[in-house]
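Sequences listed follow chains E and G, in order.
In terms of the working numbering, the first sequence has 148 at position 148, counting the first letter as 1, and numbering is strictly consecutive.
In terms of the working numbering, the second sequence has 157 at position 157, counting the first letter as 1, and numbering is strictly consecutive.
Since the hints were made in silico from the structure, they are not lab data.
There could be a bad hint or two in this list.
Pairs involving identical chains hold if they fit within one copy or between any two copies, as the list cannot separate such chains.
Said to hold, decoys possible - Pairs of lysine-lysine residues, derived as DSSO-like cross-links and limited to a Cα-Cα distance of at most 27 Å, are as follows:
{"id": "1", "residue 1": "K92", "residue 2": "K175"}
{"id": "2", "residue 1": "K263", "residue 2": "K189"}
{"id": "3", "residue 1": "K175", "residue 2": "K20"}
{"id": "4", "residue 1": "K23", "residue 2": "K189"}
{"id": "5", "residue 1": "K189", "residue 2": "K139"}
{"id": "6", "residue 1": "K162", "residue 2": "K23"}
{"id": "7", "residue 1": "K92", "residue 2": "K196"}
{"id": "8", "residue 1": "K15", "residue 2": "K92"}
{"id": "9", "residue 1": "K196", "residue 2": "K103"}
{"id": "10", "residue 1": "K162", "residue 2": "K74"}
{"id": "11", "residue 1": "K76", "residue 2": "K189"}
{"id": "12", "residue 1": "K263", "residue 2": "K23"}
Being a predicted model, the structure only gives us computed values, none of them experimental.
Listed below, chain by chain, are the residues.
Number of protein chains: 2
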Amino acid sequence: MSIVVVGSVAFDSLKTPFGKRDKILGGAATHFSLAASYFTDVRVVAIVGEDFTAEEEAVMTRRGVDTRGIQHAKGKTFFWAGEYGDNVNEAKTLDTQLNVFEKFDPQIPADYMDSEYLFLANIHPALQVKVRDSMPGVKLVGGDTMNLWINIERENLGEMLKRVDVLLINDGEAKMLSGDGSLPRAARKVLELGPKALVIKHGEYGATIFFRDGEFAGGHHPFRAPALPLDEVRDPTGAGDSFAGGFMGYIASQGEITRRVLKHAMFYGTVMGSFAVERFGTERMQGLTREEIDERFNMFRELTHLD
Amino acid sequence: MSIVVVGSVAFDSLKTPFGKRDKILGGAATHFSLAASYFTDVRVVAIVGEDFTAEEEAVMTRRGVDTRGIQHAKGKTFFWAGEYGDNVNEAKTLDTQLNVFEKFDPQIPADYMDSEYLFLANIHPALQVKVRDSMPGVKLVGGDTMNLWINIERENLGEMLKRVDVLLINDGEAKMLSGDGSLPRAARKVLELGPKALVIKHGEYGATIFFRDGEFAGGHHPFRAPALPLDEVRDPTGAGDSFAGGFMGYIASQGEITRRVLKHAMFYGTVMGSFAVERFGTERMQGLTREEIDERFNMFRELTHLD
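Between the sequences and the hints, there should be enough to build the whole structure, so can you do that?
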């Protein structure tokens with residue numbers, strides 16, 4: 001099975017209490033691809049500028065990621081500069097330069113069309129709708145969004161929500177999207193907007209998946225996966241995209257989409273998110289082994305399982 | 001087995017987004033006793049004033065709680081008025097009248113002396129030390145504290161920490177007590193101050209227990225119990241004390257103190273905390289059944305367990 005991810009490839013300049021890095025490889029599609037590559041074949045659709053070199057591309061291709069869907073445009077790659085204080089859940093944006101990303105018109109290569117899984121990383125919801133409609137054959141669509149689109153693109157976002165099977169957002173976004181401060185009520189309201197399942201990420205407290213009644217075999221009670229109590233979050237950038245990569249990658253590696261598969265996918269999502277933050281940028285996600293992943297999976301199981 | 005709890009019995013006036021109540025029965029020892037009463041024999045040591053009537057006492061005795069350790073003094077019972085906004089984790093104190101509680105000098109009745117378990121609810125740490133030393137025969141001591149004592153009674157608190165086996169505090173208190181913003185590091189630092197185990201409560205995200213290396217049979221990895229995603233937290237007052245009651249009550253009901261018992265106790269703690277907040281004051285905790293408790297226990301298991 002293979003998965004197509006559509007989203008940003010970017011350069012990030014980051015400052016955290018543990019240090020700083022200038023213009024390192026980042027972007028939602030990058031973090032997602034690397035995390036998902038440990039589970040399934042990944043095909044990426046993105047746009048980069050002339051400052052994106054063979055070195056950056058090799059970070060993805062070394063992990064077997066198919067980069068033929070990356071468009072190369074005149075100009076510079078999407079650039080973001082941010083800083084994290086002691087509260088690693090809150091990024092302070094210092095600079096955003098959309099550059100070539102501003103004119104991103106995602107095109108799915110013909111060779112990608114047999115993919116059964118699709119992940120719409122956080123881009124303009126109208127583009128997400130277009131991409132999703134251009135791949136009518138996919139079996140499962142995952143999607144992300146952000147507070148900006150919830151605020152200013154409600155109509156397009158509504159169309160996008162009708163087209164995703166699983167939406168992955170965080171606590172604040174779920175409350176904003178539903179207009180409800182109670183997380184379980186917020187979850188039900190979001191599920192009424194379209195998705196069959198909703199993953200709400202709680203940062204250092206893990207994530208919960210809520211299911212629409214009647215969807216997915218095996219019951220409809222929510223399921224919560226823990227985050228590992230980590231000593232040091234060196235760089236939280238990409239944690240959510242790495243979660244999504246582990247989550248969607250694991251699902252794509254399985255033959256069926258059941259509640260049991262989705263529960264295990266939640267664990268693999270939190271596992272990949274916990275690795276991502278251990279080092280800056282994609283550093284940790286470049287050189288993992290499947291053994292390390294399974295070892296941490298077992299730690300998470302031991303952390304939460306009674307017997 | 002029986003457990004002695006020493007703490008406040010109070011009247012609370014509460015306002016939450018779901019309504020208000022004037023002068024209803026509250027206090028840490030009250031909430032703890034009721035929750036623990038579903039697991040073991042509970043004996044309470046507290047002080048009340050002349051406004052505390054047979055009606056309030058009956059709330060405890062109907063649940064089999066031994067109230068002979070409640071001192072009756074001239075004056076009024078400890079009174080607290082508070083308000084919760086949309087963020088139910090933050091109480092706004094409107095009024096605090098210590099009244100007879102100010103002169104509380106806890107005395108353990110001779111008939112309580114054969115208890116093997118002791119819980120020191122949040123009172124002045126010097127009193128906690130005195131009580132603990134007056135019961136040298138106990139097998140396990142649990143304790144609570146608050147930010148006030150962390151700020152102004154550091155020395156007495158240090159003595160208290162050397163005398164408790166399990167400390168139960170929340171995220172903010174753990175960070176304040178350790179001076180460390182990273183929860184796992186904060187946990188290790190607190191464990192170095194005395195306790196063999198530390199329970200950190202995360203509000204709606206559950207709670208984690210950290211173990212001192214070498215203590216308790218069955219490993220030393222932390223363990224996290226979830227909180228139920230609840231639609232409506234009607235009144236969070238007493239959630240932490242009800243957690244402690246379920247946690248300590250379950251431990252006291254078991255013959256041994258192992259990691260396995262402590263893990264199950266974490267689940268029973270979160271179960272009782274989740275019931276407590278469903279209604280105002282002690283309303284929910286007065287009329288539970290063991291069947292309801294076990295049903296919710298199983299929901300929590302299903303919420304977090306993969307298989």
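Quick rundown of the hints versus the structure:
1. Taking the shortest alpha-carbon separations for K92 and K175, both the intra-copy value of 21 Å and the inter-copy value of 23 Å come in at or below 27 Å.
2. When the C-alpha separation of K263 and K189 is checked against a cutoff of 27 Å, the pair qualifies only within one copy, where the shortest distance is 21 Å, while the shortest distance between copies is 34 Å.
3. Taking identical chains as interchangeable, the C-alpha atoms of K175 and K20 lie at most 27 Å apart only when they sit on different chains, with a minimum of 25 Å there against 32 Å within one chain.
4. In this assembly of identical chains, the alpha carbons of K23 and K189 never lie at most 27 Å apart, being 39 Å within a copy and 36 Å across copies at closest.
5. In this homomeric assembly, K189 and K139 come within 27 Å of each other (Cα to Cα) only inside a single copy, at 24 Å, whereas the closest approach across copies is 49 Å.
6. When the C-alpha separation of K162 and K23 is checked against a cutoff of 27 Å, the pair qualifies neither within a copy, at 36 Å, nor between copies, at 49 Å.
7. With identical chains, the CA atoms of K92 and K196 are never at most 27 Å apart, being 33 Å at best within one copy and 39 Å at best between copies.
8. For a Cα distance limit of 27 Å, the shortest separation of K15 from K92 inside one copy, 10 Å, qualifies, whereas the shortest one across copies, 35 Å, does not.
9. For the homomeric pair K196 and K103, neither the shortest alpha-carbon distance inside one copy (31 Å) nor that between copies (58 Å) is at most 27 Å.
10. With identical chains, the CA atoms of K162 and K74 are never at most 27 Å apart, being 34 Å at best within one copy and 66 Å at best between copies.
11. When the C-alpha separation of K76 and K189 is checked against a cutoff of 27 Å, the pair qualifies neither within a copy, at 40 Å, nor between copies, at 47 Å.
12. In this assembly of identical chains, K263 and K23 lie within 27 Å of each other by CA distance neither inside one copy nor across copies; the values are 36 Å within and 45 Å between.
Checked against the numbered hints above, the structure violates hints 4, 6, 7, 9, 10, 11 and 12; every other hint is satisfied.
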